[in-house]
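Protein chains: 4
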Amino acid sequence: MSGKKNIYVNGINQVPVPKRQIEIVERKGIGHPDSVADGVAETVSESLCAMYIKEVGHVLHHNTDQTEVVAGISAPKFGGGEIVKPVYILMDGRATTYIEKDGKEVSLPVESTALKGVRKYLKKTYPYLDIDSDVILDTKLGMGSDDLTGVYKASNYLSNDTSFGVGFAPFSVTDELTFQTERYINGALKKKIPEAGQDVKVMCSRVGKDITMTIACAMVDRFIDDPTSYKSAVEDLTKSVQDFGAGIIDKYGDGENLVVDVNTGDDYERGVYYLTVTGLSQEMGDDGSVGRGNRCNGLITPFRPMSMEATSGKNPITHVGKIYNVLSTMIAKDVAKKVKADAEIHVRLLSQIGHTISDPLNANIDIINENAADSPKLNKWKDEAYEIAADWLDNIDKVSELIINGKIRTF
Amino acid sequence: MSGKKNIYVNGINQVPVPKRQIEIVERKGIGHPDSVADGVAETVSESLCAMYIKEVGHVLHHNTDQTEVVAGISAPKFGGGEIVKPVYILMDGRATTYIEKDGKEVSLPVESTALKGVRKYLKKTYPYLDIDSDVILDTKLGMGSDDLTGVYKASNYLSNDTSFGVGFAPFSVTDELTFQTERYINGALKKKIPEAGQDVKVMCSRVGKDITMTIACAMVDRFIDDPTSYKSAVEDLTKSVQDFGAGIIDKYGDGENLVVDVNTGDDYERGVYYLTVTGLSQEMGDDGSVGRGNRCNGLITPFRPMSMEATSGKNPITHVGKIYNVLSTMIAKDVAKKVKADAEIHVRLLSQIGHTISDPLNANIDIINENAADSPKLNKWKDEAYEIAADWLDNIDKVSELIINGKIRTF
Amino acid sequence: MSGKKNIYVNGINQVPVPKRQIEIVERKGIGHPDSVADGVAETVSESLCAMYIKEVGHVLHHNTDQTEVVAGISAPKFGGGEIVKPVYILMDGRATTYIEKDGKEVSLPVESTALKGVRKYLKKTYPYLDIDSDVILDTKLGMGSDDLTGVYKASNYLSNDTSFGVGFAPFSVTDELTFQTERYINGALKKKIPEAGQDVKVMCSRVGKDITMTIACAMVDRFIDDPTSYKSAVEDLTKSVQDFGAGIIDKYGDGENLVVDVNTGDDYERGVYYLTVTGLSQEMGDDGSVGRGNRCNGLITPFRPMSMEATSGKNPITHVGKIYNVLSTMIAKDVAKKVKADAEIHVRLLSQIGHTISDPLNANIDIINENAADSPKLNKWKDEAYEIAADWLDNIDKVSELIINGKIRTF
Amino acid sequence: MSGKKNIYVNGINQVPVPKRQIEIVERKGIGHPDSVADGVAETVSESLCAMYIKEVGHVLHHNTDQTEVVAGISAPKFGGGEIVKPVYILMDGRATTYIEKDGKEVSLPVESTALKGVRKYLKKTYPYLDIDSDVILDTKLGMGSDDLTGVYKASNYLSNDTSFGVGFAPFSVTDELTFQTERYINGALKKKIPEAGQDVKVMCSRVGKDITMTIACAMVDRFIDDPTSYKSAVEDLTKSVQDFGAGIIDKYGDGENLVVDVNTGDDYERGVYYLTVTGLSQEMGDDGSVGRGNRCNGLITPFRPMSMEATSGKNPITHVGKIYNVLSTMIAKDVAKKVKADAEIHVRLLSQIGHTISDPLNANIDIINENAADSPKLNKWKDEAYEIAADWLDNIDKVSELIINGKIRTF
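Protein chains in written order, with full-length UniProt numbering: chain B, 1 to 411; chain L, 1 to 411; chain V, 1 to 411; chain Z, 1 to 411.
What the hints contain is simulated information worked out from the structure, not anything from laboratory work. Accuracy of the hints is not assured; some may be wrong.
Where chains are identical, the list cannot tell them apart; a pair therefore holds if satisfied intra-copy or between any two copies.
[What the hints assert, rightly or not] With a cut-off of at most 25 Å between alpha-carbon atoms, the simulated DSS-like pairs for lysine-lysine come out as follows:
1. LYS333 - LYS101
2. LYS19 - LYS377
3. LYS104 - LYS77
4. LYS123 - LYS140
5. LYS140 - LYS116
6. LYS77 - LYS101
7. LYS5 - LYS209
8. LYS153 - LYS380
9. LYS382 - LYS19
10. LYS407 - LYS116
11. LYS209 - LYS382
12. LYS407 - LYS380
Chain B on its own, in the form it takes in the complex (with noise of 0.2 Å):
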């Protein structure tokens, strides 16, 4: 056991939230405007550690949490409608644009590698965009060389900001029914209904065993003829998401009654549909920012603790907003599979100035069941947590590394 300090694991006695009668999970799907926000950002910070690394040998610093994406006007019809005016997306944040080189000052391409990545990104995620004609990429990344001399990796780092990262574990089935369906319907189920958009929003409410889902999502106007076609398609949906979710309750629940609803919205008889060129809301009405979607698990959860740090955009060594996110999202998991105790676990991690990030001000770790405060096995659960989150603060420079090679999830 390492000699951390500052890890204090709770047992909490308390209803853990798949236990109590109500119950909202909502994932925002990876063409709604705020993870288009959190997409791009999250590319800009990959592009650009990428770029410093070849340019320069390590990550440099830089802060790029910051899309605004704004909604364009789009004329979708049956059989093909057009996109009117472009979606305009501004790329802000900081980032390092020189550094002393030899007494000299070298430039470093911050805007052209963040639009270059950014352009290749939303080819390959939104299939039915036309990047040359839908979409106004603008930046607005900001000058400045780097101040952080010597920090390459986040074990060196000392913290100059008091921010904290907050993560839960495990998924209840509910989580699981939200997160996976969206991932099902932007995944396998493509080929089958390509009728269906990116732009897919998923809501659960559940109400002691009844779970309404409620989804909303944006239908690709080329691939529908007529109003018969899309009523077909989004029976479809309806039908091949009802099957999955019955698996997802097979495997996590405990033989809950699933509801879906599919673009409850419309209104056939007036002739309302939710229609779109490009299978983006962005395309006309919704505009979107990072951090205002889904938390780094992929989830709103308004039931169980969340940060209001945007984790998208940020860079991977330095700065806490993301990498305590990230990290207590791991140890939570970690932590929950070990307390195999029915438990849900709540992870705060809190920095404070002056302290490197592998130290936290405080490490909270809490223990939830109906009588985890006082279960015998409460100090063999304290001692496991304590040592898994020991464990990865110890090797926090993980956690960068993953997130730089792509490996983690941001929304």
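Could you slot chains L, V and Z onto chain B? The hints should help.
Just chains L, V and Z now, kept in the frame of chain B:
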């Protein structure tokens, strides 16, 4: 008692947060870049509400919960430095830009109204910011006519979104300390210590009875002649906050110990000071966005339930993401006052398409203390909580009015 | 006589323009979008000159002859309408943003200085424009250090560009009518006819002795209650200009007939009026750019030689495109005064790399009348013209000073 | 002979420019920032024409003669450098964004069409520019419906502007040298000397029979390994142009002496080279605008009459500023061919409100040589010139068609 369905009140056996070992609470002051963004977005909505009422007689649809603050560049120095590159603020979002009137299209002055309102707001709120040279205000407020004919009251409005609001009450002593300290520094203390700028971030971490309050406060260079004055101003600030905090603890607390750390990132040896020209860190280093800072109760509380919805900038008539957040907090406060049980109250309101806003899909009120579920008073509490929630929902238009009249803080 | 080489004076046998059958002259008023752009760009340069002198002691390199005025949307109406979408003005161009001082980089407040100067200019120049709501000012003024070390006077500067300036004198009666009428409408006449806005375009076409003056003048809606008042204001304007023009013809002309047409695009039957909220057509219909309107003598003269170089916004120390245009006009005027021969004087100055600005590659002065080449006075004229040109070139720093001190009109 | 009025043909006794002592002619190559702006604006108009024809059947109103090119930052180096900050290109101007069709508003894809067309144009025209990372394309193309109902042909159109076009012919040997040399460097020579980028500026100054051609050519770093290769490429370029120029003089001239200076701003001693990454100076130093470079005959000619109207980007149906410039040049060429008299032909066309475009307020044709006014052939020339002008005006729709079909160079 009204016949509201879907209001679920539960007693939950759980140690309330104030009684746990660890608690973290944060407040971003009104000058933090995220708060600047929130304030701008909310001002856009307020200005549009007033304009719509003047031009049309009632509030029209808009959703302007989007503002991006892109940092500038400054050159602060003791005695007074200067802004080198202005901050860039993009106001985006969707708003009704024309209506049909007697068969003719009538344009509405959306962008000019927003611009005028925001300039006035910035001038009033940030006295050290020279609005003529230190900031660029840009707008991309979207085009569209109002498709919500006849919906001029929240109570009439059939939700077309699936969204939730979250609130809790009462504040713990840590909450009070965090919230009130920022209000104090940016309020009563300003005359005494004008050196303290508007960008004040307060982070309180409680471990048992020991509260560490970390304050980052942008100091205003024109009032500070040299390092000695700077040091002295920081000491004055620390002392004043220490005294003020003692009063808060006297009133709300239970003998907690308070340690106040101000600008601990400074390094006097190396000449590092948190010195600014305008009292705002946006002038140099930090970008900001709407909805990433304080929740509508003024705090960020990772130990309490939170919504990810941005409250600032959304319209107060149809947008559940705004009204339900504000309302949840109001209901929680009223319930907490009524249920005098040292309990923590959590409220979550979830809308669904087809339900009017005054009739949520489900309204969940949790009454939390160590033995709430087993309390003999539970049924009484349930009735009281039900009554309060039902009453507020029946009078949901009052929430809109309070917001329109500027009586509600959103960040 | 100084030993200048490369000054070529010629007598040209040619009928001067005023004596030909046809002549066309145009002036875009100070409120025309192209003139707004010119005024903004010139103000940026003036503001930067003042800032550089204050911060460094002398003018640093800049080339800010770029401004784009993007039209807004307005809803004018009798009695007073409103701006719906603000005009967007982008100030771009290159300017020195930092210098090295004692081995340290010192930033210079380029964009904030430009912003402040331009706001002040717009407020002063366009009284009907509400600077707080009717216009968005954006900047993209480039980054760079000054690589022109030691060049603080035009006379020292080795041209690094190949560029020319062009001027002519004297003005014909058609020139005088065109120029002075706009100055009159935007000057002395304003008190009497406030209905006439700043966007006044004057086009004079002379065929023999008949001059048709076509004026397009944006009328200001707040001063005009109804169609009758509009008609009356246009009639007043026409009458006043007719009288004013008669005076000009008395002074400079030879009994020309003048017909004045104001706002002939109006169609009272169909309710078409040239009505504006701000007196500026940029509010609704027309974009503007630097260097596309008046030459630095205040006119557009397709029967006279012109340079395509934008004079407004260029720096007055090193930019031949500015200094040579201003200087050509000055030399032409002085030569015309000296050579009292009813002659038309054309001056063209061409720089080349390696030559100092005070020593052009060639300076060409043409003395033009029906028999100039054969005149017995030609040699005397040549000597006089040579002397004048050589003297101005020897004192080229005076031109810079006059520009820096705001004594020179550039559009 | 058609019954056109207002065509004034004059013989002017005047030494034609080619026979005078001094002549200056300039051409900005297709890669000069002002030409980039012209090309973008013209492409916007071309793309919109094609889109309008596809969507509505004929060209709708637009006036998109506005584009601002804001310089980026680059770090060129021998062997291949990189773009650090992309160039920013703002396409603005007014265009019809919707029409009424069967009582319904139909949106037209103005901005997406412009964006797609311009991306394609840039890719094709500037092969060394990486369109995915080196340039930001933004649009502010205005909103409005078409108020020019029924005007789908220029010949029908009642001018609502007072504006003129100017042209001359024939080209002198100096004109030919200037024009053709740029076309040669950016054409046939490219395969042989790929090191020469698209930003080529050619300035010819003739004094008597001595022509100095100053060429500034942005060299492309990826093809140049070191200073020696650079020097060698510049020498090759100089030699090739010298040979090419000799051919032009043989064909059009009269034994003029040609001196070619390439990149004389270089200073090999001090390591100063005109080296670029993309062959375009916009990457680093120079902003550009529409209408400030070449006139529609491809040249800037301070010794000849010029119009200040930007030809590029204006619509080819109703905009006199475009049609009259193109047409003046065509008429001048045809007259010059017919009137074989070694004469210089100047054409100026002036519109006025109320006249159709095919019927200008006045059309002025000057036939210029030493004794044109006294020539016995003058009356014959006048008839021929009148006939040519009248015929073109009767067939003015052909000019529109030629422009729409991309047969006309505008810069």
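### Query
So which of the earlier hints does this model not fit?
Of the numbered hints, 1, 8 and 12 do not hold.
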